[in-house]
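Engineer: Once you have looked at the hints, place chains B and C on chain A.
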Amino acid sequence: MRLAYLWDSTKCIACMACVVSCAGSNYSEIMRFEEPNPMMKWLGGNIRVVIREVGRPELRLVSCFHCDKPPCVLVCPTRASHIDRDTGLVLLDETKCIGCKACIVACPYGARWLHPTTLLPEKCPGPVCIDIIRGGRKPICVSVCPANARDFGDIDDPNSSISIKISKSKSERPLELLGTEPKYFIVKG
Amino acid sequence: MKRLTLEILSILAIIIGLILIGIGFTRKAIHEVSWGSLVVGYAIFAIMALGSSIVNSIYALFGYRGPKMELVNIAKLGVLFSIATLISAFLIKFAGVSRPLDFWKIYVYFNPDSRIAWMTLLYTILLIFLIVKLVFFIRVGSIELVRPLKWIKLVIAALVLITTILAISNLAQIYGSIIAIPGWYGLLAPYFIAIAILLGASGQALFIMLALRGKTELIQFLSRYYGFILALMLPILAFFLLWNIVTARYSTAWLTYSEIVTGVYSLGFWVVVVVLGIIAPFILALYSFTTGKYLPVILASILVLITSSYNMYLQIIVHQLKALEPLAGVIREASYTITGSEILIILGSIIIWPALYVLAIQLLPLMPGEKPSRLYIFK
Amino acid sequence: MKLKRRDFIKAAGLTALTISLPASKVIVDSIRREEAKGASLAPEVRWVKTYCGMCGALCGIEVLVNYGRPAGVRPILGHPQPGLCGRSSSLKWLWDSPLRLKKPMKRVGERGEARFVEVDWDTALNEIASKLRSIVEKYGYKAIAITHHDVWSYYMPLFSYLLGTPNVISHVSMCHANGTVARGHVLGAGGPPTIDPDYENASYLLLIGRTLSTASMGVVNRATSNEKLRIVVVDPRMPEVGFGNVEWVPIIPGTDAAFVLSLIHVIIEEGLYDAEFLKRYTNAPFLIKPDESPLTEADIIEGGDTRKYLVWDLKVNGLVDHKAAADPDLLYTGKVKLKDDREIDVKTAFILLKERASKYKPEEAEKITGVDARTIRRIAREFALYRGVADDTWYTAKNGNDYDNVRAILILNTLIGNIDKPGGLCYAESARFPSIITVRTIEGKRYAETVYDARMPEELFGDVGAPRVDRVKYRLTPSTFDAILDAIIKEDPYPIKALFVIGTSPIMRDMNTSKVIEAYKKLDLLVIINILPQEDVDYADYVLPDTIFLERDEIRSTKWTLHASVQVENRVIIPPEGYDVRDALWVMFEIVRRAFPERAVALGWSSEYANYKKYEEEFLHKLNEGIISKLVATWKLDKEAFTRELNEKGYYILKRKEYYVRPYKTALGTPSGKIEIYSLTALANKLDPLPDYSPPPAYTLPKAPNEFYLVNGKGPLTSVHASLMEPMKYVGDRSIWMNPRDAERLGIRDGDLIELEGIDTRAKAVARVKVTNRVREGVLFVYSQMWGRRSKLLPQNHFAREGINPHWFSKDYVVPIVGGGASNSSVRVRKL
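Going down the list, the sequences are from chains A, B and C.
Using our numbering, the first residue of the first sequence is number 1, and each one after it goes up by one.
Using our numbering, the first residue of the second sequence is number 1, and each one after it goes up by one.
Using our numbering, the first residue of the third sequence is number 1, and each one after it goes up by one.
One chain only, chain A, in its complex shape (with noise of 0.2 angstroms):
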């Protein structure tokens, strides 16, 4: 099983439920911080905005794209940073992490950041969705989204949702060029 998250462009609103939703229920101990993500100077949560203002604007949502030759794994020396064998996403064992920010550092995308009270490197999914996805079920941003923009599920299964999605529209993956091989499908049309 290859788990992967689809986000489509053409129609996303920007609502922000996702941001805010992961933000609030994987990390609200620190909801109320002042600067809960100094890092990205961003709110605690495993979804970034990034904006184009310029040409024709456009938006991506950031966040872990669970390559399937992630760099945040390689350089982890304690292998915390793992392909989880179960679900083929990248997930961090906190109890092996020594907090030397290498993966931070090495993931090409920004998806990681520091948690501010344990300074361990954070990522998506966070540790609600950890256990939603466990449970058979999609992750947070993708039950709210309001605009059928999001889905998740098996890339190995033809039949799921995801996979036909995929297997119907015009798709990227973000850096591609890279060859990180991201688990993560941008739909463009």
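A hint or two may mislead.
As the list claims (entries may be wrong) - Think about it this way: if two alpha-carbon atoms lie no more than 20 angstroms apart in a straight line, the pair counts; the simulated SDA-like pairs of lysine to any residue are: (1) C/K729 with B/L212; (2) A/K170 with C/R230; (3) A/K138 with C/L77.
Said to hold, decoys possible - Cβ-Cβ distance ranges computed for the label pairs, FRET-style: (4) B/V140 with A/T117: 32 to 38 angstroms; (5) A/G55 with C/L753: 21 to 27 angstroms; (6) C/N245 with B/G329: 16 to 22 angstroms.
Said to hold, decoys possible - Partner residues are not named here, just some residues of chain A that face chain B (Cβ under 10 angstroms, in silico): (7) G110; (8) H115; (9) I155; (10) P182.
It should be emphasised that the hints constitute simulated quantities derived from the structure, not laboratory data.
Where is the CB? At the ideal position from N, CA and C, for every residue including glycine.
Structural biologist: Below, chains B and C without anything else, positioned relative to chain A:
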């Protein structure tokens, strides 16, 4: 009496250093870049220790002893310098991670793909080899060795050098394997080796010549010796630097290289790194090499230490300040300013560094001609 | 799964955790348990179905409650109007926000100083009551006014009778008034949700000055589930929906009518209209006399019916009542002999429309709108050929000419006949939700009867029947708050001395902030019922902390769906400890019980409800039971099954959308019962019966190179209270948008500070610029009702202080007769 004072002072310095590091560690702030000054400080110390080991091998492995056995006489100090520097590097490294007490996990959950895992292993091995080498030199002496001992010395020296080269290569790979940061991604190893040798030689020049002050002849030789190494390596560094800039110019690395070469950091780069870090020390070192005067090479060493540190700072920090977002045309920018906690940790390590060196000289028979008399290796 | 950090914490003992650790840790743990197992929940951890009150759209959401705290939100799947958005996601921050108003407060300083003392409820209510009594003694009940937004709006008619005042005047002039009046005139419809595009079946959606993400996420959900839908937005700024596969047509502010009339012109010119539809279901074939009024039977026959509108029937080649005509001629012009033998020229309304639209040939419209003629032609053809639908608009308080924009848009839809058809502009089914209060005549005597069967006799009505201050000035207005300001400041048409501001913030909401403040300062009594320190609070005599939607039980009709549906708001949680907050409903009754006890008693209030628990258990129960039994009676439902389904699902669909009803089978609420492309109501009110373009009257147009239109708009985060919550520090955009070409011209760079000076109001403010292609050249954009907060009760460094409130720069322009406001303005820009 003087020895006791120095011992007490150096122990005090080590304690103060550790306290500073401790305070700094507990007040660490989160920066917009993940690898800040602590990683820079660590890299400088580590690379200096490695460079020092390379310099040491000129005698220990390749057998050049100097016209009057000068290099034989300073061999133990050279090894000591590597050890003290490496320990200082470790101190910053420990303080730089979030969970220093979990360092052992690197060995238990060793990830063979990870350059950092290898780095930890290589430095541990290197430290062990260096200590063995030091003990060997203390116990056996190093003047004229009979057969088996000579081979043992060569084997130890070879192991040290091999580990050192692996470690430098590894250090370069830590950066050079990171596709996220084009300014680092690529062939950094030669550049790092050049800086390593420069830093190692400069550090040794300062520390060893300081320890040997008064020994005029030896100093004169060492001035020529380190002057030669610096004068040799600086043009090589300049060559690699140029090559790095040229390759960066035509790749995404220019995103951040341009900041160094033509942007906000260009003044620092051209004045500090190029003029004060390459041209000026080259002239000074050449002068010492030809005349045997010690002052120019000391000055050159100080310049190299400061400017190469600044160069490492630029190389590590600036390349993290801009990155391409996964959306064409958008650049993610970060800012970085060094914080008090980082200064405390670096300051602590900088205090401990010479203190370790001085303390060891007081406790161990490391000066030319000294021999162990107590507890196997002590004076 | 291997043990992780948080599992260790869990293993350390959950009981210890609940006491010692921040509650959020507990939340994390129990959600994990619940989610992972998918098993039944501990009673302390449960999902509760309710609807979101972070804005007025009331989307269906489920809230995860964890040991008395809100811990998560998700949309109710299957709900006719499911959530959610960045606003509802931030409700977790709202519930126990340190900013929330916690205790009743009484002013001790000057108005605006925000110096208060906390008082107990009794003191606050008694003092308000005694002040009300003396005001009423001197000026009558009508000197009391209430303004509100969506919160508690259902109860407002009740409050009107409670206080005996007609002056319950909402936010509507600053929202949809212009559009609502236009909808009434053209389609006989009402507020924005009464007609809506059938988003899930539409093929081509034209959004003119409207964006989908403003509120109602169900609309977004339906539009995005429609794979064939093409969307075109016409707006000076690119709304968020523009990030998707959407065509954005940047238009000069205030010129929408010219754009739409140009589309109409192309469609008529190229014969792309639905002639059959126009003939039958609209007043397009009505013959219009030279005096602009329609030709009726009464014009040609003595004693004829003025409601029989004559058309030229091609079948009989003569004048026939429209209802009886077999083939009304759309293009008839000719002479008609009147009953007094005078001969006059008549033309069909359609021809008048055609003539009007022909003023806006694409090349002409291009000069006005800045949209090039080819684009206009293309959109007109696409719209007609794809059988498109133009959204009927929502927020139309913009430039002072919005009434005509909306009429033109509605006529555009009518032209291609895409009304009340799948994928067209459809009438929403009404839930026939019972009013909280209705006036009934029983045995010759009038009573105001509440939904829970209390009766107030006519003699207690007070001034309810007196003319409302806004309707005196703006005959057709749904609500114009600006008239209250005039009544306070100039005592015109009569003085208003006491104002209740319930769940709204006129300073953020209404035009010309300084006028609002001037009025506040002149009041004898200003009572604010709210949940957060909106800037208005600083001027209040009494500040009464309200409950938030999570803390209330209500039943409401579902908005923003074409189906008739009702939904429940469950009391998800109780207020946090130390937050002594009360329902505004209780507060209003308790004030009136103390001021005018007979009024409260007549409306079913008893003094034992002063006990809040009793109110919650008995009064609210009675009220909701009343609503349920009326719904059950209206729809002939099985009460038990209805309430069970309502509670289980969170909603109950009473009737699914039935297409082809209005105007096909049912007459519309227009004078002719038809769609009126030529509005007879407008005519009767001395307004132009046809839409036309006129330059924005609400502000001086920018001319100099450093002068700009300052337009404002809404987005998926717009909400006066959500914008104060912590996440908005990061996701909320507090900048002023400027086009790169303008920025370059003025030497302004992204992130620079600029000073804005209102050309009309002279107000000055400093804000940060975002240089972006999301706004048209010559135009600056800011989000409205979000930023530029100045309440002294907000922390000094609060992020919402940044940015500007566009109303600092807007005049108090009100559209004559129609009563809608205009929030856009023009400003001069100086780089700092």
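Engineer: Decide, hint by hint, whether the structure agrees.
Structural biologist: Results of checking the hints against the structure:
1. For the given pair, C/K729 sits about 61 angstroms from B/L212 by alpha-carbon distance, which is inconsistent with the 20 angstroms threshold.
2. Distance hint between A/K170 and C/R230 is fulfilled; the C-alpha atoms sit about 17 angstroms from each other, no more than 20 angstroms.
3. Between A/K138 and C/L77 the alpha-carbon distance is near 14 angstroms, which keeps this suggested pair within the 20 angstroms criterion.
4. The given range of 32 to 38 angstroms is broken by B/V140 and A/T117, whose C-beta atoms sit roughly 53 angstroms from each other.
5. Range check, A/G55 to C/L753: about 25 angstroms between beta-carbon atoms, so the 21 to 27 angstroms window is met.
6. Separated by about 19 angstroms at the C-beta atoms, C/N245 and B/G329 satisfy the suggested range of 16 to 22 angstroms.
7. Hint status for A/G110: holds, given a least beta-carbon distance of 6 angstroms to chain B, under 10 angstroms.
8. Given hint, A/H115 at the interface with chain B, holds; its Cβ is 9 angstroms from that chain's nearest Cβ, closer than 10 angstroms.
9. This hint is violated: A/I155 has a C-beta 19 angstroms from the nearest C-beta of chain B, more than the 10 angstroms allowed.
10. Restraint check, A/P182 versus chain B: the minimum CB separation of about 9 angstroms is within 10 angstroms; hint holds.
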